[in-house]
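Novice: Chain V is fixed; fit chain F onto it per the hints.
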Amino acid sequence: MNAAKSFSSRLAGWLPRIVVAPSLLIVIVTVYLFILWTGVISFTSSKFVPVYDFAGLEQFIRLWATPRWHTAVANLFIFSALFLMLSTGIGLLMAILLDQNIRAEGFLRAVYLYPMALSFIVTGTAWKWIMNPGLGIQKVVNELGWTSFTFDWITDPKMAIYTVVIAGVWQSSGFAMAIFLAGLRGIDNSVIKAAQIEGASLPLIYRQIIIPMLRPAMLSVIVLLSYIAIKSFDLVLALTNGGPGSATELPSTFMFSATFRRNQMGVGAASAIMMLMTVAAIIIPYLYSELRERNNG
Amino acid sequence: MANALSQQKPTVESISRQNRIRIGRLFIYGPLAVMAVLYLMPLWVMVVTSLKPLDEIYGGSFIGLPQTVTLDAWRSAWSQACIGTECTGLRPYFVNSLLMVIPAVVLSTGIGAINGYILTKWRFPGANFVFGLLLFGCFLPYQAILIPMARTLGLLGLAGSIPGLVFVHVAYGICFTTLFFRNYFVSLPDELTKAAMVDGAGFFRIFWSVILPTSIPIIVVSCIWQFTQIWNDFLFGVSFTSGGNSPITVALNNIVNVTTGRKQYNVDMAAAMIAAIPTLLVYIVAGRYFVRGLTAGAVKG
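Chain order of the listed sequences is V and F.
The letter at position 155 of the first sequence is residue 155 when you use the working numbering, and the numbering goes up by one with no holes.
The letter at position 277 of the second sequence is residue 277 when you use the working numbering, and the numbering goes up by one with no holes.
So that you can see chain V by itself, here it is in the shape it has in the complex (with noise of 0.2 Å):
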């Protein structure tokens, strides 16, 4: 009786850890299983299956001599860099003017946010209508008068990529918005107010208070921004297909026709660790402090 009843306590104690066990297997698998294993693969002298020898660092070698990579890494600078740059920018002025007691709040917040909603599949197709050369905006504008206006980026290799960080910006500043207003709101009316009553104009407290303020959600918007970024690859795909010629190919877009369509899985493998590799350095040490934080707090 007393053995028994020990055992079904133990059992109980263990429920927990047996219920969690599945999805943690699942997840140490198909997360850090294969992470290594695609590792592994970077190793290898794989090519259209994956063969287990020992290629030392062929591919990542390979890898940097390939033109298309070198394209990829520095149109992920531009892109990245301008993404980050003008979401940021348009999030944080949208939601401080949000912010100012106006009318028509809800519905604003919701017509800036509604791009998140769709798929960037979505989003490539109608931008890439929308800036056609010969149908799109360009000849709106030039049948409104400016016949001598020209906006053929999206077929100029030189400003192709460009396109892509207008649309993804569209896509994406809602979001920076929707973090920064949920930051403003948690900031204490009573701070503002005492800087009025020294006689603190408007732009004086933002710049000096309440924007310092943010850089909690500053990070976070910072970091989930490099992270959409860097693995940003339907938008290209559906907006430019990484062209015209290669001018806009990412490495997300890299890795998936070095593997999937140019039979060279080592190089596509040794492609994804890098880009691996580059979350890593940002989200890691995020994750740690957030962690941190939570903790202690």
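A couple of the hints might just be wrong.
[Claimed, not checked] Result set (DSS-like, lysine-lysine): computed pairs, CA atoms no more than 27 Å apart in a straight line:
id, chain 1, residue 1, chain 2, residue 2
1, V, Lys231, V, Lys47
2, V, Lys158, V, Lys47
3, V, Lys139, F, Lys263
4, V, Lys139, V, Lys158
5, V, Lys158, F, Lys263
[As the list claims (entries may be wrong)] Chain F side only, calculated, beta carbon under 8 Å to chain V, not exhaustive:
id, residue
6, Ile28
7, Ala36
8, Leu134
Read the hints as simulated data drawn from the structure, not as lab findings.
The beta carbon of each residue, even a glycine, is placed where N, CA and C say it ideally should be.
Specialist: Chain F alone, transformed into the frame defined by chain V:
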């Protein structure tokens, strides 16, 4: 004090101040309105283009209202447009996406709920480490697992199938749903479960009759987030399926990238709208919960 000031009788000075405030309001509403127009423009262009006959599109008007409204493009996108060599329209792919999204949302939300419950109310040594392991999965660049997942789906006999996609979405969705539920349950008082335990309720009983009834809002948040993510996914769809088993995003991309013949922009836009409508509807009906899901990963619990 501030209130007392603003309730003074209008003087010349306070009237000119009111004018200043009114001009100030203009600087607030002006940019907001311009932004709203810019944000709505692509949706407007998609809708009007999808309602125009092709000749009108090539004839010129891009942003204006259609002169003749026709649903032909929608009909074609839904049931006639060619995806690869199959001219079936988007309908079968819409069904594929539904068959994928419903089980994936239900499973990942259910598993996330019970994980969140365990990680907050039945904490065990190492629970925080387990949570950290799951959390990194939210930020995994999926390119890093594409090749092994493709191999594994092949070994499991799930390659190219909808159940295979469901498995993938559940596996990576657990990370997000666990995060949602854990952060929500952390704020539920422990007395709730303790009292139930004193009353003799066990692990599952407490989950069903104490925890779940309080968690409707977070269930909604989780379902909406997962629905949007999975419906909009393209990378997994294009990597792990082909032909008739593809989800709608892959089919849409195929329609749009057809290069033969006269480009049917109105069909492209109608197809994009068909792919967008389910998530847009969810957003319109339950936008509040959608925003909570978006900010859950950012704002501390």
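Novice: All the hints need checking, so say for each whether the structure fits it.
Specialist: Hint check:
Our distance criterion of 27 Å between C-alpha atoms is met by lysine 231/V and lysine 47/V, whose separation comes to about 23 Å. Under the criterion of a C-alpha separation no larger than 27 Å, the hint pairing lysine 158/V with lysine 47/V is inconsistent with the structure, at around 32 Å. For a cut-off of 27 Å, the pair hint linking lysine 139/V to lysine 263/F stands: about 17 Å separates their Cα positions. The suggested pairing of lysine 139/V with lysine 158/V holds, with an alpha-carbon distance near 21 Å, which does not exceed 27 Å.
About 25 Å separates the Cα atoms of lysine 158/V and lysine 263/F, which keeps this hinted pair within 27 Å; it holds. The closest approach between the C-beta of isoleucine 28/F and any C-beta of chain V is roughly 5 Å, which is under the 8 Å cut-off, so the hint is satisfied. With a least beta-carbon distance of about 5 Å to chain V, the hint placing alanine 36/F at the interface is held under the 8 Å criterion. For leucine 134/F, the shortest C-beta to C-beta distance to chain V is roughly 6 Å, which falls under 8 Å, so the interface hint holds.
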